[in-house]
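Q: Chain Y is fixed; fit chain Z onto it per the hints.
Residue numbers (the numbering used here), protein chains in the order written: chain Y, 42 to 154; chain Z, 217 to 330.
Careful: at least some of the hints might be erroneous.
[What the hints assert, rightly or not] Result set (EDC-like, lysine to aspartate or glutamate): computed pairs, CA atoms no more than 20 Å apart in a straight line: (1) Z:K322 - Z:E254; (2) Z:K322 - Y:D100; (3) Z:K286 - Z:E221; (4) Z:K252 - Y:D79; (5) Y:K98 - Z:D219.
[Claimed, not checked] Heads up, incomplete: computed chain Z residues facing chain Y, CB under 10 Å, no partners named: (6) Y247; (7) Y251; (8) Q260; (9) F304; (10) C305; (11) A306; (12) G317; (13) L318; (14) T319; (15) I328; (16) P330.
FYI, nobody ran anything at the bench for these hints, they're computed from the structure. If you're wondering where the values come from, they're calculated on a predicted model, not measured in any experiment. From the three backbone atoms N, C-alpha and C, an ideal C-beta is built for every residue, glycine too.
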Amino acid sequence: DGGITQSPKYLFRKEGQNVTLSCEQNLNHDAMYWYRQDPGQGLRLIYYSQIVNDFQKGDIAEGYSVSREKKESFPLTVTSAQKNPTAFYLCASRSRGTGGRQYFGPGTRLTVT
Amino acid sequence: GEDVEQSLFLSVREGDSSVINCTYTDSSSTYLYWYKQEPGAGLQLLTYIFSNMDMKQDQRLTVLLNKKDKHLSLRIADTQTGDSAIYFCAESAGAGGGADGLTFGKGTHLIIQP
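Okay, chain Y solo, but in the shape it has when bound (with noise of 0.2 Å):
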């Protein structure tokens, strides 16, 4: 059963505690990325992977981490620098090659008080 998940589906947190959402592919996509949802907003780019062992920023990786360590696992970790991270997050991969299309999972909720 090929897909993208991410665990958990809901996440709380104190404020002032990183905390790291996971994210697994058996696709075999080379990038991966990580997005970020808001209520009535669309997606933002917080960091993505093209290959191993290599990411770069997106729109709004401030406060955000990232290591890619494997091509099935691109974990991101919400640090307390971050100002405002209750939020949706969403994980996607893309096969390689112009047109590859992305796929998403079904997204964490985390929820910082």
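A: Relative to the frame of chain Y, chain Z by itself:
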């Protein structure tokens, strides 16, 4: 910079056609996409169109692209209650075909009246 604009709400009667519109600014976009999001879920890729095409049809879905006006539309024929969702238009950022991520509109809430 890149920007994608959509109207926030569309209300249609069950059985009618729905037309969701989108405008974008990046003329170098090579692909344009339509995604569907149901409450609390991730995004489902519905369809996409290459920038050198002006129309693409896939069952009940028809995508029209006017590259000169940078206008994209999604028509859903015979709209059903299961089509109730948020629909996002997205463009591939720059000339990389989407490798550097997608730029999304804010989404159009499609509301189905019985």
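Q: For the pair supplied as a hint, K252 (chain Z) and D79 (chain Y), confirm whether the alpha-carbon distance does not exceed 20 Å.
A: With a Cα-Cα distance of about 16 Å, the restraint between K252 (chain Z) and D79 (chain Y) holds, given a limit of 20 Å.
Q: Is it true that the CA of K286 (chain Z) sits at most 20 Å from the CA of E221 (chain Z)?
A: holds, 11 Å
Q: Please check whether Y251 (chain Z) passes as an interface residue: C-beta within 10 Å of a C-beta belonging to chain Y.
A: holds, 8 Å
Q: Hey, does the L318 (chain Z) contact hint survive, CB to chain Y under 10 Å?
A: holds, 6 Å
Q: Mind checking the alpha carbons of K98 (chain Y) and D219 (chain Z) for me, to see if they're no more than 20 Å apart?
A: holds, 18 Å
Q: Quick check on T319 (chain Z) please, does its C-beta sit within 10 Å of some C-beta on chain Y?
A: holds, 8 Å
Q: How about F304 (chain Z): closest beta carbon in chain Y under 10 Å, or not?
A: holds, 6 Å
Q: Given the proposed pairing of K322 (chain Z) with E254 (chain Z), does the C-alpha separation stay at or below 20 Å?
A: Cα-Cα ~14 Å, so holds.
Q: Does D100 (chain Y) lie within 20 Å of K322 (chain Z) when you go C-alpha to C-alpha?
A: Status holds; Cα separation ~16 Å.
Q: Against chain Y, is Y247 (chain Z) within 10 Å by beta-carbon distance?
A: Where the cut-off is 10 Å and the nearest Cβ of chain Y is about 6 Å from Y247 (chain Z), the hint holds.
Q: For the restraint on A306 (chain Z), tell me whether the closest CB of chain Y is nearer than 10 Å.
A: Since chain Y brings a Cβ to about 8 Å from A306 (chain Z), closer than 10 Å, the hint holds.
Q: Please verify that hint: Q260 (chain Z), Cβ, nearest Cβ of chain Y, below 10 Å or not.
A: holds, 7 Å
Hint check: violations occur at hints 15 and 16; the rest are consistent with the structure.
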